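Produce the entire structure from the sequences given, and follow the hints as far as they go.
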Amino acid sequence: AVRRNNSHNEKPREREFLLIKRKCEAVSVFFEEFNDSSWFQQSAFVLFTFKAIVESLIVGILFKYPMTQAILLMVLNSTLLAYNIIKRPFISKIALAQQIVLISLILICNFCLVIMAGTDLTLTNFENIKQNTSNIIFRILCIFQFIPLAFFGINLIISAWELYKRLSIDLR
Numbered sequence: 001a002v003r004r005n006n007s008h009n010e011k012p013r014e015r016e017f018l019l020i021k022r023k024c025e026a027v028s029v030f031f032e033e034f035n036d037s038s039w040f041q042q043s044a045f046v047l048f049t050f051k052a053i054v055e056s057l058i059v060g061i062l063f064k065y066p067m068t069q070a071i072l073l074m075v076l077n078s079t080l081l082a083y084n085i086i087k088r089p090f091i092s093k094i095a096l097a098q099q100i101v102l103i104s105l106i107l108i109c110n111f112c113l114v115i116m117a118g119t120d121l122t123l124t125n126f127e128n129i130k131q132n133t134s135n136i137i138f139r140i141l142c143i144f145q146f147i148p149l150a151f152f153g154i155n156l157i158i159s160a161w162e163l164y165k166r167l168s169i170d171l172r
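Residues in the sequence shown are numbered from 1 upward in steps of one, following our numbering.
FYI, nobody ran anything at the bench for these hints, they're computed from the structure.
Source: prediction; values computed, not measured.
Hints should not be assumed to be uniformly reliable.
Stated by the list, open to error - Pairs of lysine to aspartate or glutamate, DMTMM-like flavour, derived with a Cα cap of 20 Å: (1) 64 <-> 120; (2) 130 <-> 120; (3) 93 <-> 162.
Pasting the structure below:
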């Protein structure tokens, strides 16, 4: 049997594969934390993008109807929170916990907005309630700014601990 030398044909394929791989690595940072064991988990990035678009539409189109806005935003965020808890679309438990905490804080703000919009509909002066809910929203927004930093610190501590364990095993 005559054996053909396919190395001439394999080189361009190999180069093409490496080129595609490099292009994919450029955007892999967007997808590296997502689970891919089911269709629902694979679609997480699309769902987060869809949520952002729907939120923008709700705020932009329904600005004359604050109660409707608040309720729709609450439903949207409740749905996303349930999705994260049930489907667990992230590989890292820390990334999942961060998303759950952030969505929960947004949900609390949405609930406060429903309360504030409700007081506007009653035409009764509930300045005390409005002031308290405004304070809650302000505090949550302040906390919201530091959540990613806190989870970064947690990741850093875990990575340092794992490195320490690996080094201590290697030195034995």
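20 Å limit on alpha-carbon distance, applied to hinted pair residue 130 and residue 120:
9 Å, holds
Between residue 93 and residue 162, does the CA-CA distance stay at or below 20 Å?
Within the cut-off at roughly 16 Å; holds.
Assess, step by step, whether the Cα of residue 64 is no farther than 20 Å from the Cα of residue 120, and give holds or violated.
The hint holds at about 12 Å.
This entry satisfies every hint, going by the numbered hints stated previously.
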